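Visitor: Residue numbers (my numbering), protein chains in the order written: chain R, 2 to 299; chain H, -13 to 123.
Bear in mind the hints are in silico, worked out from the structure with no lab data behind them. Computed from a prediction, not measured in an experiment: that's the story for all the values here. The C-beta atom is built at its ideal place from N, Cα and C for all residues, glycine as well. Don't take each hint at face value.
Unchecked claim - From the structure, some residues in chain R lie toward chain H, with a derived Cβ separation under 7 Å:
hint, residue
1, Arg27
2, Glu32
3, Glu35
4, Arg37
5, Leu43
6, Gly236
7, Asn239
8, Trp242
9, Ile285
10, Arg288
Unchecked claim - Here are some, though not all, of the chain R residues that point toward chain H, as calculated from beta-carbon distances under 10 Å:
hint, residue
11, Met23
12, Ile24
13, Lys33
14, Tyr34
15, Ala54
16, His118
17, Ser122
18, Gly230
19, Lys233
20, His246
What the hints assert, rightly or not - Derived lysine-lysine pairs resembling BS3-like cross-links, with alpha carbons at most 30 Å apart:
hint, chain 1, residue 1, chain 2, residue 2
21, R, Lys29, H, Lys10
22, R, Lys233, R, Lys174
23, R, Lys263, R, Lys233
24, H, Lys98, H, Lys10
25, R, Lys29, R, Lys233
26, H, Lys98, R, Lys233
Okay, here's what each chain looks like letter by letter:
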Amino acid sequence: MPDFNPVDYAVPGFILLVLAEMIWARAKAPEKYEPRDTLVSLAMGLGSTVAGALTAGLIAALYFAIYPYRLVDIGWQWWAWIACFVLDDMAYYWFHRFAHRVRWMWASHVNHHSSQHYNLSTALRQTWTGTIALGFLFRMPLVAIGFHPAMIFFCGGLNLIYQFWFHTEAIHKCPRWFEAVMNTPSHHRVHHATNPLYLDKNFAGVFIVWDRMFGTFQPELDSERIHYGIVKQLGSFNLLWVAFHEWIGIARDVWSAPWGSKFGYVWRPPGWSHDASRDTSDTIRERWLALQGEAAAE
Amino acid sequence: MLGQLLQLGGSLLGILFLGLVCRKLGLGEDVRISSPDEARRLASEALCGFEATDLVLDRAGIGALLRDGQGRVMLLRRHGAMFAARLLDSHAFARLDRNFLTIGTGESTFGKVTLDLGDRAQVWASSLRHLGGSARA
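Chain R on its own, in the form it takes in the complex (with noise of 0.2 Å):
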């Protein structure tokens, strides 16, 4: 039974990687880092380190609490950490799904998607309040089936890994076998871009199939110009705005809200508001689908 995190073998690696990119940019397209933009998702994943390490032990309670009900005994057969692996890559796409659909949970996810570049230390920028957000418990079914937590926690940690060398400009594109089946660089900016297109696209990890199953591929157009971020753009660099500004903005709104909608500022998507003031990535895209429609009849 392995007991550690393959995540912390793979710091150096990301260290050196990030020293190359850096150096990759300086010779092509130097606007592609920021000094501070950098220091900001760096600091951002040494806080979600602490802040996993604390927690860690209350999800693993909550795993091996279930763990003695399981539908079957699964064992660590070869071929169970396959399987493993898989679902629990099929667990992380729904996950990031609702992060991105239900406001309680992107408030913890915004910060990933809160720099305006694009590059491996953006791959670093991770939350402080994951676990908050409920996260864990996608991975509770495959307990529930019974797959071992220590491999389901190995498997994501790889699943991490493989997730951290895809933030990148400097790869166009992999060869044509790869993107069918693999997350790839370039399916990947399409689910960082602000992009009405791209909205709410591209939520897989390791495999684009789950993508491509559910409905919500889009593949990266070299006619349309990305731009990364959030649709309301931080600007700011101060590292606690860019870890709990979501979380106060559902304070502020279930503050202000009429009694009746409270409870939507919650769960409901983000930019969901009772009066609709405010826009939605399907309003946004809705409102872009008919400026192109406009656009072509003219």
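Given chain R, put chain H in place with the hints provided.
Guide: For chain H alone, kept in the frame of chain R given last:
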């Protein structure tokens, strides 16, 4: 526990090292808005459907004010090597000092920006006053 604290301290040093390398390599361009068309593009990217009918650029290109057909006014300002935007509303703050217009959005974390708008500063300061609230010139 000691091992974890050492790991934390090492990670912190690693972060500062990468930040220093980033700065020493000269990454993060000194971005400027070079033309009205660029300002229009940035505004429409910031808010889908915002088509500027009137605009004024800061003389150094660090920001811009734009107005669309619906009378909405957008502030564009530099944020690192990118630009960030806000629609100005009744919470906006504006102070005119000759050619310089200082604008706040009401969001403390977004901050204030002082734009050199040349001889158009007064006209725009006046138009911001019509947004109501605390805008003053």
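Visitor: Taking the hints in turn, state whether each one holds.
Guide: These are the hints, each one checked on the structure:
1. Interface restraint check: Arg27 of chain R against chain H, minimum CB-CB distance 5 Å, threshold 7 Å, status holds.
2. Because the closest C-beta pair between Glu32 of chain R and chain H is about 4 Å apart, less than 7 Å, the hint holds.
3. A hinted interface residue such as Glu35 of chain R counts as satisfied when its beta carbon comes closer than 7 Å to some beta carbon of chain H; here the least separation is about 4 Å, so the hint holds.
4. Checking Arg37 of chain R against chain H by beta carbon gives a least distance of about 6 Å; that is within 7 Å, so the hint holds.
5. With a cut of 7 Å, the hint placing Leu43 of chain R at the interface with chain H holds, because the nearest CB-to-CB distance is about 4 Å.
6. The interface hint given for Gly236 of chain R is met, as the beta carbon of that residue sits about 3 Å from the closest beta carbon of chain H, less than 7 Å.
7. For Asn239 of chain R, the shortest C-beta to C-beta distance to chain H is roughly 6 Å, which falls under 7 Å, so the interface hint holds.
8. With 7 Å as the threshold, the beta carbon of Trp242 of chain R comes within range of chain H, its nearest partner Cβ sitting at about 5 Å, so the hint holds.
9. With a cut of 7 Å, the hint placing Ile285 of chain R at the interface with chain H holds, because the nearest CB-to-CB distance is about 5 Å.
10. Checking Arg288 of chain R against chain H by beta carbon gives a least distance of about 5 Å; that is within 7 Å, so the hint holds.
11. Checking Met23 of chain R against chain H: minimum C-beta separation of about 6 Å stays under 10 Å; hint holds.
12. For Ile24 of chain R, the shortest C-beta to C-beta distance to chain H is roughly 7 Å, which falls under 10 Å, so the interface hint holds.
13. With a cut of 10 Å, the hint placing Lys33 of chain R at the interface with chain H holds, because the nearest CB-to-CB distance is about 7 Å.
14. Hint on Tyr34 of chain R holds. Least Cβ distance to chain H is approximately 4 Å, under the 10 Å limit.
15. For Ala54 of chain R, the interface hint holds, the least distance from its beta-carbon to any beta-carbon of chain H being 7 Å, beneath 10 Å.
16. About 7 Å separates the beta-carbon of His118 of chain R from the nearest beta-carbon of chain H, less than 10 Å, and the hint is met.
17. For the restraint placing Ser122 of chain R at the interface with chain H, the shortest Cβ-Cβ distance is roughly 7 Å, inside the 10 Å limit, so the hint holds.
18. Taking 10 Å as the C-beta contact cut-off toward chain H, the hint placing Gly230 of chain R at the interface holds, the least distance being around 8 Å.
19. This hint holds: Lys233 of chain R has a C-beta 8 Å from the nearest C-beta of chain H, less than the 10 Å allowed.
20. For the restraint placing His246 of chain R at the interface with chain H, the shortest Cβ-Cβ distance is roughly 7 Å, inside the 10 Å limit, so the hint holds.
21. Proximity of Lys29 of chain R to Lys10 of chain H is assessed by CA-CA distance (about 16 Å); at most 30 Å being required, the pair is judged to hold.
22. A threshold of 30 Å between alpha carbons decides the hint, and for Lys233 of chain R with Lys174 of chain R the separation of about 29 Å falls inside it, so the pair holds.
23. Distance check on the hinted pair: Lys263 of chain R and Lys233 of chain R sit about 22 Å apart at the alpha-carbon level, within 30 Å; holds.
24. Simply put, Lys98 of chain H and Lys10 of chain H have alpha-carbon atoms about 28 Å apart, close enough for the 30 Å limit, and the pair holds.
25. For the hint pairing Lys29 of chain R with Lys233 of chain R, the CA-to-CA distance comes to about 28 Å; that is within 30 Å, so the pair holds.
26. Straight-line distance between C-alpha atoms of Lys98 of chain H and Lys233 of chain R comes to about 17 Å, which keeps the hinted pair within the 30 Å bound.
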